[in-house]
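*Asks:* Top to bottom, those sequences are chains A, B and C.
Residue 115 in the working numbering sits at position 115 of the first sequence, with consecutive numbering throughout.
Residue 1281 in the working numbering sits at position 281 of the second sequence, with consecutive numbering throughout.
Residue 2477 in the working numbering sits at position 477 of the third sequence, with consecutive numbering throughout.
What the hints contain is simulated information worked out from the structure, not anything from laboratory work.
Errors might be hidden in some of the hints.
[Said to hold, decoys possible] Computed list of lysine to aspartate or glutamate pairs in EDC-like fashion (alpha-carbon distance at most 20 Å, straight line):
no., chain 1, residue 1, chain 2, residue 2
1, C, K2337, A, D56
2, C, K2337, B, D1176
3, C, K2523, B, E1086
4, B, K1175, C, D2251
5, C, K2337, B, D1197
6, B, K1175, C, E2336
7, B, K1269, B, D1289
8, C, K2619, A, E15
9, C, K2337, C, D2251
10, B, K1243, B, E1134
11, B, K1325, C, D2072
12, B, K1243, B, D1228
13, B, K1048, C, E2546
Keep in mind the model is a prediction, meaning the values are calculated, not measured.
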Amino acid sequence: MEAASVSAEHHGPPEAHHSSRVEPQLLGMLLFIISEVMVFGAFFTAYFFIRVVSGDHWPARGDELPKLVAFVNTCILVSSSFTIHWALVCARKGNRFGLQAGMLTTFLLGLTFLFIQINEYVHIGFSPHDSAQASVFYGLTGLHGAHVFIGLTLLAFVTIRSFRGHFTPEQHRGVEVPGIYWHFVDVMWIIVFTTVYIL
Amino acid sequence: MNGERQSARDAPVHVARLVTIGIIASALGIVLALLINWFPVSAAKQAKPIDTLWDVLLIVSVPVFVLVTTVVLYSVYRWRMRPGEELLDGPPIHGNTRLEIVWTALPAILLVALCSYAYAVLHDIEEAKADTMEVRVVGEQFAWTFFYRDGGKELASHDLYLPLNRPVHFTIQSKDVLHDFWVPAFRVKKDAVRGIDTDVRATPNRIGTYPVVCAELCGLGHAAMRSDVHVVQPQQFTAWLGKLRSGAQAAAPTGGGGGGGAKASVDAKTLFTTSAQPVACGSCHTLADAGTNGTTGPDLDQVLKGKSAAFIKQSIEQPNAVIAKGYTPGIMPQNYAQSLSPAQLSALVKYLQEVTK
Amino acid sequence: MTATAQHSPASSHRSPSPTGGSRSRFRSPGHVRALLFLVLGVLFAAALVIAVRALYGFPIAADGKVTTATQDGILLVSLIAAPLFWLVGLGAFDYWFYWAAGRKTRPEDHSSHGAHSWRDYLRVNTDHKVIGIQYVCTSFIFMLIGGMLAMVIRAELAAPGRQFVDASAYNGLFSVHASLMIFLFIIPIFAGLANYVLPLMIGAPDMAFPRLNALSFWMLPIAGTMMVASFLAPGGSFATGWTAYAPLSTDAPIGQMFFTIGVQFAGASSIATALNFLVTIITMRAPGMSFWRMPLLVWANFSTSLLVVIATPFIAASQFLVLLDYALGFNFFVPEKGGDILMYQHVFWFYSHPAVYIMMLPGFGIVSEVLSVKSRKPIFGYRMMAFSLLAIVLLGFTVWAHHMFVSGMQGWIRVPMMITTAIIAVPTGIKIFSWLATLWRGVIHLDTPMLFALGFLCMFSLGGISGVMLAMVPVDIHVSDTYFIVAHIHYVLFGGSLFTIFAGVYYWFPKMTGRMFDDRLGKLHFWLTFVAFNATFAPMHLIGVEGMPRRVSDYPEQFAGWNLFISLASFVLGLSTLVFLYNMITSWRGGPRAPANPWRSLTMEWQVSSPPPIFNFDKVPTVVGGPYEYGVPDAQHGIFTAPASEESKSSHPSREARA
Ligand code: HEA
Ligand code: HEA
Ligand code: CUA
Ligand SMILES: [Cu+2]
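This is chain A alone, in the form it adopts within the complex:
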């Protein structure tokens, strides 16, 4: 049984060769974000057809979009991008407190955003049943809200882990990768905000 003796020396697979400087996790996340962008792309297609191609009034006649609230909300979300970046910088430097504070603030800012968004739904005065424009509004903001929710879940885990003393200056991929996702959620919001509320 020579084969067996060979395997006895090997308790695991051979070290894979790294044929690219990019880290697998990072690349995976980037590709995933491309997919996500395309999901938004499909919803924007709906937006394009219902708003641009048909040339109907936007939002539907009689409806009003709370631009100011949304703007404040945008600021909140954008600032959370800075705080998570700060957390990452701290993690790189080994500043544990900075990491924890950064993550916690980011998480709370995100939560505030979601809360304000839901509050906006409650008070906005129209529902997706009323018109296709309203459907697109709820579709796009709701899709984005779902992404905020996913992002928040990831952030919650990162925050918990940072309080448990994980992550070191050498090992902080667990902050970096969810961070990229969070930045994506932010950028997506800026696009949604501009197209849906401002234009």
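Guided by the hints, dock chains B and C with the ligands onto chain A, whose structure is given.
*Replies:* Okay, now just chains B and C with the ligands, sitting in the frame of chain A:
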């Protein structure tokens, strides 16, 4: 062992043989392909350019297909591994830039040429003509209705009548899901989409009766959503329109055959089993007296037992008002109130009440 | 009885420890816990729906019975929740939960690599080779179901009038048939074959994300079961074709949701696999394996994965939109409220046209492998082969509206789409011609994989040419939605994709199972299939142009003759599949042992034993040359360090002895 496998110098021989075989096979193939009677009879001006385009496409396609097959068969025949060659390898040819440029450029040119031609045909068949007649086509589950302009009003019919040699512009609409107005004899087809008007043009040029087909999946009755187009002499058309006009004054448009006015006495049983439009009742419903056993809709012997005439009338006119247990709303056509004349309707109601007592 | 791995089975750490008793069976990940969670998922859905309805004051029960709306609601939410719960129960997320919560994760002890008996294929496993086989077998099961449905379709169409099923059941039949064939057969089986051979080919020990890989696989049975189970739904299965056009689909019985949601799982599965392939190909190639030394199968899957990552989100979204309209009363497709019906088709085809290349490019890869090895010649024009794949990917995104020539969209779009569609034939032509040139003056080994590859060349060309005819707008106006389209579909999907799948399955069968198949039966399978396939689908061109629309359960008398002929031929086609099945099953169980490299191939999966060692290589090989250098004296592709090549040679006698 290598004796049979010749050197590269033989290449011209092989190519020459291949070209010969290819030309013969292509010629045979083209003749065969053109001999096939592909299309249904053509009854509109639009058909001719499309049929010609088709023939051109066949003439171009057959050699391409023959090329691929001949090279495969020839290579297999000529260079198949023979006993003793198990360990032999072929010559290490990695490519040939000139060849690759040729087989990129040639198809590209060919295809662009075909596209230009197809564009010309498209332009031709969709051109607006003078003296065009307007017909509004409305699809619904599962029937077609055709509306003719008549002064300020519109006249409706379930059969399409068109005068010979007069260009027609169809405006196509849908009341519910997607349908597709297709007249194979005209080679024209366009979806009916709720919410927008689509359109298509045809100039009938052959007397006769041809099918109108719904070509877009629209649910249960999709296969049965057919009608007829009658291409007639202009005088006949005017006469028919006149009849339609007087019929419209007297009653709703008639169902079924011929386009004549409603018959005075209605045979309700025939109506039930075969002639009600868009779908004969018996094709979906079981009714012992009429000897039908459809299962798409509820068994009328049971669900109509002892019901009032009003209930039966409502069930025909507004099928979704009351839905029998185990059945889904929206399946039965909702236009019998229009497609049946009042006389037909009341005869049918009376008949159904009688036999399900 | 099956592919026992050659390393001595350390069976002690495999099976769940027998001492745990039933309580730990419920708690430890596996099928028992999964079942439990499945039930929990349904209960959760019921609770949620009842709570929400109560909150909004909708009736929950009437006359002592639960209302239909409530029932449908529970069913709908269950369709989403139950599979997710099931996956959690199966343990698909355990690791990530632990990791995310910052708990100590079990270090990967690789205990779940390799398969030692057929039962191991039923368990969650992270070994790409096991997952590959799981994929292939599962896909074939769904192919058989889809094929049986096709047999019922043909039985119904054998004569005009009603034979066996009514119109609504018929609509369900072809809808489920096509959905299974596309989403659960062609797409996943390509992923499965590549899963098995791609890491071996590029010299990687496994995929980049083995756990994600397992998750991708386990989403498939969910999607498939859902689609098949739709026949049991109240109101029947989904019946709107695989295209599920709105507004027919937004206003259908609840069975429609089995498609809408099933597709989400199938789509998520393919996106995850595509991510995995891309990351694996980019980051895990062996030293020396530059992009221009990758086998074309790897190139093909690279291109396909790009397509999947970019396009598949669109079908997910299209079905989201349907779901929102259907379940929550949104108005995306309600024109009276400003919605746009044609928008569905744009979104759908923006995915589904690329999807047809998702279903063809991996096949191109397989054919490149088989043709080169079996004609003992390098692939002709290797770089153009790779470039043409990328060209197809790019062009594939610019042609979607060729499915909408008669849909009533703005007329001008048809012209640019006609041109791009026709131009796609150019890169495809480059491939076809290069393959022909590869055959030229080769030493052609005419065995089963090669027969299927050659059959593919001819049949796919025919299907592609009918595609080019369809691209010509005036022709498409007449033949769109007729049996001409059905003929095109099957020539490209059966004559194209499925022939390459057969070629690939036969080609890698020795590698995957360690056994040789019966070549005589294989040839019988090929000829039966080839003849019956053409007899079935060629006449469809004729009746289509003559005026027979597709998707009808009944047709005019004039088409009766050909339809009977087609039906009879299709039954032979069905039976030919039995020959294949018989060959596969008996050969897997008792075929002669396969040597490491029966085809004398250069690519690296053939340089290790058959089946490969658990961890593929003892040490990652070094690549020093191209993969197709046949006929070049002393050409080498991968160099293996001593122990690995020694093992691949010497482990055979010892296994022979064991057998
Ligand atoms: C594997 C799947 C697959 C593939 C590869 C293709 C490939 C192509 N398809 Fe097909 N197609 C489908 C699957 C596929 N299709 C399906 C499933 C549908 C129906 C969907 C539905 O409605 O249900 C469909 C429908 C469909 C339509 C819509 C018809 C309609 O509904 O009205 C059109 C129209 O343009 C089309 C065109 C093409 C073209 C131009 C190609 C080209 O890529 C083909 C290119 C290949 C060749 C041309 C052959 C080889 C080339 C040469 C030998 C070079 C020289 C050739 C020439 C100069 C001509 N296809
Ligand atoms: C890869 C994809 C694929 C494959 C392999 C097939 C395989 C087959 N298809 Fe399918 N088909 C599609 C994809 C595919 N199809 C698509 C996309 C559509 C469009 C749907 C739509 O309109 O939405 C379609 C539509 C379609 C139609 C048109 C329906 C309509 O428009 O009304 C028909 C009709 O004949 C048909 C027939 C067949 C047949 C006879 C086979 C055969 O090749 C099947 C052979 C296999 C088996 C039979 C299974 C194995 C055998 C056994 C288990 C043994 C038992 C055998 C016997 C009892 C005889 N298909
Ligand atoms: Cu109307 Cu099909
Ligand atoms: Cu397409």
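*Asks:* Would you mind marking each hint as holding or not holding in the structure?
*Replies:* Hints and how they fare:
For the proposed pair K2337 (chain C) and D56 (chain A), the alpha carbon gap of about 11 Å is at most 20 Å, so the pair holds. As the CA atoms of K2337 (chain C) and D1176 (chain B) are separated by approximately 14 Å, the hinted pair is consistent with the 20 Å bound. Restraint check for K2523 (chain C) and E1086 (chain B): the C-alpha separation of about 19 Å stays at or below 20 Å, so the hint holds. Restraint check: the Cα-Cα separation between K1175 (chain B) and D2251 (chain C) comes to about 14 Å, which is no more than 20 Å; the hinted pair holds.
A threshold of 20 Å between alpha carbons decides the hint, and for K2337 (chain C) with D1197 (chain B) the separation of about 16 Å falls inside it, so the pair holds. Pair hint K1175 (chain B) plus E2336 (chain C) holds up; C-alpha atoms about 11 Å apart against a cutoff of 20 Å. The hinted pair formed by K1269 (chain B) and D1289 (chain B) meets the criterion: a straight-line CA distance of about 9 Å does not exceed 20 Å. A distance of roughly 7 Å separates the Cα atoms of K2619 (chain C) and E15 (chain A); the hinted pair therefore holds under the 20 Å criterion.
Note on K2337 (chain C) and D2251 (chain C): the hinted pairing holds, with a Cα-Cα distance of about 16 Å set against a maximum of 20 Å. Pair hint K1243 (chain B) plus E1134 (chain B) holds up; C-alpha atoms about 19 Å apart against a cutoff of 20 Å. With a CA separation close to 16 Å, the supplied pair K1325 (chain B) and D2072 (chain C) stays within the 20 Å bound. For the hint pairing K1243 (chain B) with D1228 (chain B), the CA-to-CA distance comes to about 18 Å; that is within 20 Å, so the pair holds.
Proposed proximity of K1048 (chain B) and E2546 (chain C) is supported: the alpha carbons are some 15 Å apart, at most 20 Å.
The structure meets every hint from the earlier list without exception.
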